[in-house]
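Asks: Just add 764 to the spot in the sequence shown (first one is 1) and you have the working numbering.
Hints were generated in silico from the structure; no laboratory data involved.
Any given hint might turn out to be false.
To be verified - Taking lysine-lysine pairs in the BS3-like style, the calculated list, with each CA pair at most 30 Å apart, reads:
#: 1; residue 1: K950; residue 2: K929
#: 2; residue 1: K883; residue 2: K871
#: 3; residue 1: K883; residue 2: K815
#: 4; residue 1: K815; residue 2: K871
#: 5; residue 1: K929; residue 2: K815
#: 6; residue 1: K883; residue 2: K777
#: 7; residue 1: K781; residue 2: K883
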Amino acid sequence: MAKGYKYFEAVEKHAGKLAILTAIMVSIGGLAEITPLFVEAHRITAAENVKPYDALRLAGKDIYVREGCYVCHTQMIRSLRAETQRYGAYSVSSESVYDRPHQWGSKRTGPDLARLGGKYSDEWQRLHLLDPRSVVPQSNMPGYPWLADEPIDSDDIVARMRGLKRLGDPYTDDDIAAAPAALEGKTAMDALIAYLQGLGLPPQTAEEPT
């Protein structure tokens, strides 16, 4: 028997000791892998033309997530020729600094939406959301007609903006105070279209729904 084997034997024959030492080693290994990812994530800053969502687009993003659009659509163009030729420049992390949660994903049931903004008119987007097959006959996407009559809770959006500000999004007090007026008379359909029309576009070129 090897001279040092008695130490291993003491561990191997005692389940409690083995479990504790295994947990310690797994924790050390996990920290060694995870810590650099957290450090790197905090070093990513927003691209020059990327700003926090205004009140209407923030409401639209929440509706996009609520309705499960991310289940079939991604917002991540991979650096593959087939994807960049179809959708445009590949996605980079600095574009999604203000997305919580981000919408990258890997599902390809529907087309990637990372560069969707401005590709179609507001009216096309509205018809597509009401009845997808009216504009894309082969589509298997469900319609969302109820969004056309759903009001937006401005108090909820104001609370969300305040929460995001505490997390580091550079909203000003004026931005938050102006939110109720910006949302007045708008529907969930308006908000979702505004969100879609801003995807992949600099803030100054993204227009409100018409």
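Asks: Could you run down the list of hints and mark each one as holding or not?
Replies: Here is what the structure says about each hint:
At roughly 23 Å between alpha-carbon atoms, K950 and K929 fall within 30 Å of each other, so this suggested pair holds. In summary, the hint linking K883 to K871 is supported, as the alpha carbons are separated by about 21 Å, within the 30 Å threshold. For the proposed pair K883 and K815, the alpha carbon gap of about 20 Å is at most 30 Å, so the pair holds. Taken as a hint, the K815 and K871 pair is honoured in the structure, with Cα atoms around 26 Å apart against an allowance of 30 Å.
Of the pairs offered as hints, the one joining K929 and K815 holds, with about 13 Å between alpha carbons and a cut-off of 30 Å not exceeded. The hinted pair formed by K883 and K777 fails the criterion: a straight-line CA distance of about 66 Å is larger than 30 Å. At roughly 61 Å between alpha-carbon atoms, K781 and K883 are farther apart than 30 Å, so this suggested pair is violated.
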